[in-house]
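Undergrad: The whole structure should be built from the sequences, with the hints applied where relevant.
In this text, residue positions in the sequence shown follow the working numbering: the first is -9, and each later residue adds one.
These aren't lab readings, by the way, just hints derived from the structure by calculation. Errors might be hidden in some of the hints.
[Unchecked claim] Beta-carbon label-pair distances, calculated as ranges:
#1 S283 x G96: 49 to 59 Å
#2 G21 x K100: 23 to 33 Å
#3 M4 x P262: 50 to 60 Å
#4 N81 x E332: 14 to 24 Å
#5 D185 x R(-1): 47 to 57 Å
#6 S326 x E280: 39 to 49 Å
#7 E20 x N117: 25 to 35 Å
#8 S75 x K173: 20 to 30 Å
#9 G308 x E108: 25 to 35 Å
[Stated by the list, open to error] Here are the simulated lysine-lysine pairs, BS3-like style, with alpha carbons at most 25 Å apart:
#10 K176 x K216
#11 K93 x K162
#12 K99 x K119
#13 K99 x K216
#14 K119 x K93
#15 K99 x K118
#16 K145 x K176
#17 K173 x K162
#18 K145 x K159
#19 K100 x K118
This one's a predicted model, so the numbers in the text were calculated from it and none came from an experiment. We treat Cβ as the ideally placed atom computed from N, Cα and C, and that holds for glycine.
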Amino acid sequence: MSASYLELRGIRKMFGDSTVLNDVDLSIHEGELVTLLGPSGCGKSTLLRCIAGLTEPDGGSIMMGPTNIGELPPRRREVGMVFQSYALFPNLTVYENIEYGLKMRGADKKERQSRCEELLALVDLENKKEAYPQQLSGGQQQRVALARSLAVQPKVLLLDEPLSALDAKIRKSLRTEIRDIQKRLKMTTIFVTHDQEEALTVSDRICIMNNGNIVQDGSPEELYAKPRTEFVARFMGSYNVLSREEAGRLFGVAGGSAASYALRPESVRLLPASAGEARGDRRVADGTIESISVLGNIVRYSVVSSGVKLTVDALNDGQSHRGDEGATVVLELDPSQLLALEKEGA
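TA: Next comes the structure, spelled out in structure tokens:
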């Protein structure tokens, strides 16, 4: 991959006595979509605002190539930003909202018209160019906000929880559209969200933040399959986080010296109570179903085995074993799926 396009070095920010960003380092390559993922208050939106120049960091540098853009005013950073609240001008039409930034930069009428028509086609709003924001759906308003940010051809696009105000169905379709547009334009993009599924769907790389630090980063596949700490394991989904003693009860002696372990819910097989012994290196354990949740294509069971409560996911395909609440079942456990976790901050 090419050299870093945007480089954050030692970014620090305090609000009063509270440390919001704690010497954050982050390198982003040209054309890459990086997602900052974490709970509310972890510093992800503050980091985005520091890049945009809307919040001044207390230390560190923000390099775009050889230029420290942290020393430039926001309008000279060549950064576009899309907010959660859209921030459209209610008295301007869709076309006029998209055109606004170009006007402020002194682009001539012909250039503005060409660029606006191109972006209206890109976000599929050609038939809405004379409409006002209040006449649009939430998803359409967000597409206008995206087009307006792209109009001035920024070098980096910043998206601050752009889909959080939309309902679930629109969020899913719009995040796919945003990803398609980003890939088509090869636009270097930083996407902020607290939604794990959203991050897994849109990202080339995910940086998980907690308490003002990036605690782990990697591809969506890497982060989901190999969380390093208990915080990451819990945040990336429904991992079972087991103490060393609990892992020992289920698997025999747990390998290594870790204090805790992670086990994916889909790596545990739910079998009828009449099932025989496990095959190969797998282990079996008796369990009792405490509760059942149907999550569309997944059926999620809460099962107690050897005094340990486990989340077990099975495909809702009509073929996987289905049990009722209170039923006795057998769990088939694969020791190779047990992941040793590092201590937080290690």
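Undergrad: Each hint needs a verdict: does it hold in this structure or not?
TA: Outcome of the hint check:
no. : hint                     : verdict
1   : S283 x G96: 49 to 59 Å   : holds, 57 Å
2   : G21 x K100: 23 to 33 Å   : holds, 29 Å
3   : M4 x P262: 50 to 60 Å    : holds, 57 Å
4   : N81 x E332: 14 to 24 Å   : violated, 54 Å
5   : D185 x R(-1): 47 to 57 Å : violated, 28 Å
6   : S326 x E280: 39 to 49 Å  : violated, 26 Å
7   : E20 x N117: 25 to 35 Å   : holds, 34 Å
8   : S75 x K173: 20 to 30 Å   : holds, 26 Å
9   : G308 x E108: 25 to 35 Å  : violated, 48 Å
10  : K176 x K216              : violated, 28 Å
11  : K93 x K162               : violated, 33 Å
12  : K99 x K119               : holds, 16 Å
13  : K99 x K216               : violated, 52 Å
14  : K119 x K93               : holds, 17 Å
15  : K99 x K118               : holds, 20 Å
16  : K145 x K176              : holds, 10 Å
17  : K173 x K162              : holds, 17 Å
18  : K145 x K159              : violated, 30 Å
19  : K100 x K118              : holds, 20 Å
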